[in-house]
Structures are given as C-alpha cells and as structure tokens.
Amino acid sequence: MTVSGERRAWGWVAHLREGGTTPWAAWHGEGDREGVYLPGAQQLELLRRLHLASREGRSQPSPRLVERVIDASAPGRGTPDLELVGATDESSFGPRPVDPADLAAAELTRVATSLLAEDLVAAGAPPVPEASFVRPWRTRYRMVGDPWLADPARAALTGRGRPPGGRGSVVLVLGRDLATMLTDAWTSRCFDEGSLPWREWLDPFTVGPRVPPRIDLERAAATWARRLGPARVRVVLDPTILPRLVGVRRALPQAPDLAADAVDLARQVAAVLGLLVLPPLRRDLLRGTLLPRLVDAPGPRLLLPAEHAAWATQRAERMRDRLLRAGYAVHGDLDLLVPRPETVAPAGASGPTEAGVLALAVRLLLDETQEAPR
Amino acid sequence: MTTRRRLLLHVGTPKTGTSYLQDVLHRNRRTLAAAGISYPADRFDAHFLAALDLMRLPWGGLETEAIGAWDRLAEQVRAHHGTSIISHEIFAAASRSQVGRALRDLGHGDGTEIHVVLSVRDLVRQIPAEWQENVKHRSSISYARFLRQVQDPSREGRIASWFWSVQEVPDILNRWGHDLPPEHVHLVTVPPPGGAPEVLWKRFSQAFGLDGLDLDLEAERVNPSLGVPETALIRRINAAANRQLPPADYRPLVRELLAHQTLSQRVGSPRLALPPEVHPWVRELEDSWVGEIRERGYDVIGDLADLTGSPPPATWADPDSPSETQVASAAVDAIKALLLENGRLQQEAAGLRGDLDTAHRDLERSYLRPTYRLREKLVRGLQTSRLGRGALKGYRLARGRSSRSA
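Those protein sequence lines, which keep their order, are chains A and B. Residue 32 in my numbering is what sits at position 51 of the first sequence, and the numbering runs on without skipping anything. Residue 80 in my numbering is what sits at position 73 of the second sequence, and the numbering runs on without skipping anything.
No lab work stands behind these hints: they were computed from the structure. Each hint should be verified, as a subset may be incorrect.
[As the list claims (entries may be wrong)] To give a feel for the contact side, a few chain B residues facing chain A, derived at Cβ under 10 Å:
id, residue
1, I74
2, V106
3, G107
4, R165
5, W169
6, E175
7, L292
8, T315
9, P318
10, P319
The C-beta atom is built at its ideal place from N, Cα and C for all residues, glycine as well.
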C-alpha cells in the first residue's frame, strides 16, 4: 500500500464520516489510519450517497448510521468488498480496485439491504389485529385466488371477528386481469419469502402453458369444487361486490398499489431477513413493518412487459373459457381477466430500475428512527 | 490455574479434504475434549451454519437453521479455556469486514490467541472440482462457460466472484491474516495425486495439534468426486428438473442419493480434468501464488510445490460433449437407484399406513364404548336448547377447561 494512497483513502473516510460528499476521484486530502482495514468502496460510496440525499431535503444520517454503513458487508454471493483505486499498490491478487463512482447501483443496494433488514428486525412486527370475539353468526367463507387481493381482505375480516372457514363455507376465488395478477403473484412472493428478480421469475412462465400457481384461478376453483362441489365456488372479479359476499357493509382494504422499485427492494430485503428471522416473522416484518413505509414510494408501478402481452391474453382467454365451461357462479365479467392495454408496459419499459431501488433504499435508511438493531 | 484461550480457525479451501476433517473432528468430540480441545458443534454442519450466519449467505433454505448460529459458536469459543477448533471451507469467502467481526467476536485482542489454517490444493484440480460442486448445487452451467467466467479478469458474475473468493489463496490470506502475525497463519498443502491417502491427514493432525490422540479416523462423511459422464448427467438433470424440484428435495435425491451414493461409486469413467489449453494460464497463476506465499513467511505444513498442478493428461474428456454411451450407462444406474429408493419409501409408507389404520381402529373401538355413546348423546341433546347450552357451559367452566373442540 503506498503511503500517500493510504493516507488519501483514510482522509476520504474521515471526510465522509463528517458528512462530506466529494467523490473519491476528486478527493486530494489526507488522513490518519482509523481502523484495522480500509472500508470497502461499496460502503463508502453508499455513505456518500446518503449524505447527498440528505442535502436534498432528507434528514442527516445519524453518527450511528454512518458507522453501521462503514462496518457493513454486502450479504449473499456477489462482488466482494472492493478496494479504492489508487489507495493501494497494484496487487496481482484479489478483485480489482475501483473508483466508487463507477460502481453499479445494485452493488450499493446490496449493502443497504443488510442495514434495512437489521432496522426491520429492530423495529419489530406490529401486533396482528385480533378480534376480541368470533361472530358465531358470520357468513362462512374461504378466500383464495390472487393473493395480493385476498390476503388483506382476509386479514381485515379476521380482525373484525370473521375468520375464514367453518361449516358451509363458500369459496371466493378472487382475481382481476391476468397481467396485473402476474405482478400481484410476484409482489406477493417478494413480501413473503423473497423471489427471483422480476424477469427471471416471469420469463420462464411465458414459454409454458401454465400461469403461476398462486394466480391459477381455474386450478384453485377446480380444487375447491372437488372438495365442496362447484355450487359453493364463486369467482369474484368485481371487488365492490366482495363485502356483500362476506356479509359486511364496511369496505374491505384494497391491495396496496406499489411502485416497481418498492417491490424489488422488498424482494432484496426479504433475502437478508431470511438470515435474521424465521419465515413467519419475516412475512410479518415485510408486510407489517416494511410495506407501510413503501406505499408512497415514487416511481411507476410494475406492469407486464409488452412482449408477454400476447401470451397473457391467450392464457387469460383460456382461463375465462374454462371457468365459464365449469359453470361456477361469477361476480363480475369474466372478460375482465383479459389484460387491458393500460396493464401492459409500453415496449421496452417495465420492471424495477437499479437506480430507483437504490434511491428508495437510501430514503428508507435516512427515514429510519435509527434505533439500535438486535 | 487459568488456561490460555487458543483458537485454530480453519477457513478453507473447498475440496481439500475438509468434509473428512470435519467428520473426524465431530465424531471424536469427546476424545478431543478429554485432551482439552473443544470442537464446539452439536451437529456435523454447525460451523457451516455459523458461517452462513456470519456472512449472511442464503443457501437453498438452510439459512433458516443458521439464525444466531455464529453468535452461539463465538460464545462457546470464548467460554472454553483451552484450545478450540472451528472448521468450514466457506469461511474463505468472508469479506474484510466479516473477518474483522469474526476475529473480534472470537476474542482477538481480548486474550484469545487465534491461528488461521488454510488447506490448499493446486488449481489444476480445484477448477474442475469447483465446476462439479456448482453442478452438484443445481447449476446447469457448461464447463466451457464456467471456465470462461473464471478466466475473465473482471470476475463479474456470481460464479467468478465466488470461485475466486474461496480459491485465490493469497487474497484469502490477505483477508484472514492481515491482522495476525505470519507465524499464526498455517498453510496445509494437499499432496499431489497418487500419494498415500494418510499423508493429508498427518498434515491436518500436525496443524491442529492432534498428534498422539487416539482418534477414530473411519470416514462417514466425505464429499466424493464424480467422473465426466456422471457430472454431465447431473447437469442435464438440473436443466430438466430445477424449476420443479424444490431445494429441500434436491439435496437428498440428487446431491446425496444420485451424486454421492450412486454415481460417485462408478469406477472406470474418465475423470474431470482441466483442458490442456488452460494449463499455461493456470501454471502462471500457481507460480505467482507460490512466490507470494513464500515471501510472506507463513507456516507451511507440507510442501509449497504441491500447489503446482500436474501436467495435462494424454487424453482429455470434455464434459460438455461426453460419450453418450457412458452417460446412458450412468443414467441406468441413476434410474435403478431411484427405483430402489422409491420401493423403500413405498414400503415405509405402507408400514406407516398400517400403523395409522391400527390407530384408527383403536380410536373407533374407544368411541364404541357404551359410556362414550351415552355422553355423546347427552351433549347432543343439551346443545339443542338454550338451557342445555347454559348447563354445558357451566359444567365446562366448573371443570376448568374448554371441551368445545372435543
């Protein structure tokens, strides 16, 4: 390690600790060694981005957050901690040093997700609202189909003393247009156990005959029809009818409408959370603690890529025809299953962006109460 | 009298006899403890789970078992006054900040004398072995593509970054040894192929101070290698079944039953090897590593010349274009193993079904007793009127627990 390069690097670390935003390439100061090893380029650049964001109206990163970023390590497999170019002698070993400004946003997000997961664990999951009593005269129902639609409605009903199940239950198979249901299925996975990235998850389905199991309304309806008989299975495509079907007057909560970047951030945080808490708590933390912080996240929502629109239309028409043939009661129009133009992304645009996900991660880190993690 | 805390931390590398070493250490925990050596592992993969936890590394769902494993392990080490041993090869991939945390948690600078042990093998054997490990972990990447990624100087992508993080010896030692004196860093070299098998154990024994202990060295867990057609077969299975087969089923069926228990037993297949054209590049790397390690003055157990691989074989079998006859033969063995396993499971299921039927019959007999039928009739009768329901409620309250679910 050259003395001037090392001193320059430690000077930059001190500069960032004090809230500086000068890029590494433009930094010429020097400083004393303040640790056993130089923090990685990813960590230092993330810290710089936090300071830059705080200058745009966000709160300042607390001294504790600063130290957590410097000590953090990117979770999972991927690029290891990288050294700053010019801070060390050219070595024949290890990954090449980098100018932190050249790092992909995804590399900075990896570091941030580790910290966000710790923050979620520290914050804990809100208590699940439980009814003080179960209404014995409630309408008996089960709610299946699109999980992003069914889960919040079921949770709200349970909280009002109307849990699903019971003798004589009617099975309500919830759905909407297939393009949106595909995004719902991925979103739901991201807020459960994490998932592959959007396109890696979606694309293999589009070369096969089946839609993802979570939104296969035809299969869900058939499964319950075999158990209970088709007369007790109803397909619900009109959400305004749902309260009446479950015997309530008050509206039920709608599925949260999230930006694509927000969903992808949840997906990445879910992967780290899996190493900190058990799956049931992970789900509660993602849905109960993280989700409310993401509902107002800026950015376009997730849409089906244009190149898969024809496939989705074909699958939706087949689903519509088969549900019709099976003779289930339908609330709403089965044609609603067919994707509409506004539920499909314009050609060349769809899905989360690395920069958008990083910006959101930075925003969440700065918004944290920054209480001590577990 | 207090005994000084001393830790021997074996951090890699993969495919250097680590599974065998860990198996011996785990099975001989009591003998080791009697000699004052702690191998703190309540299960054979305890240190693997601790490594996943330290490095926040997802691993096909196993990570849920790893929560808190690192803290528990570090606490056991700190609590033991004497020598402790930790061993797992994926520690090699730890970043500098993770190494910093690990050493701090284990008591570095706070009374624990830490020694890092790295077992190493020449790249001529490590590169094909790592590709095979990828295949045994669900990958369907071709050998040629794997080699291209590994040789790419940018090291971008998961495969290359992981490979070098667990195989680039000087860099691993930079990360793990930067805060330790060189005499506390020990390199165990794996002897060249064809040597006596006990040589490697003797070197491990010397590195971990196990000489003179009466240890059971019979191997129960090893990580056996596959030949060319067998690896090609697993790769094809991965490509065909990956999306349908969850990790929890892949491990016992493909990795254990097919790869380890069945296909690794086949003899006579061509062995995986480095393509001849890659040898010069590897030789250059190996020479630079040997020179660097020699300069750093680490404690070498074995011979640094072991890090220089053998020359290319006279005939090289390409696993991307294997002999279809050999693959078909391996596939027949695989089908046979799956059939036998299926038969065994069916017998087991039949046995369990029999047990369940017996239990059902016993339960029905107990329901048929006159007293039960009388009580059931009484409860049914009481439930038909408000007064009866009130009486039942009062009875249940007085009895002290709800029997509504009965």
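Are there hints from earlier that the structure breaks, and if so, what are their numbers? Hint check: 8, 9 and 10 fail, others pass.
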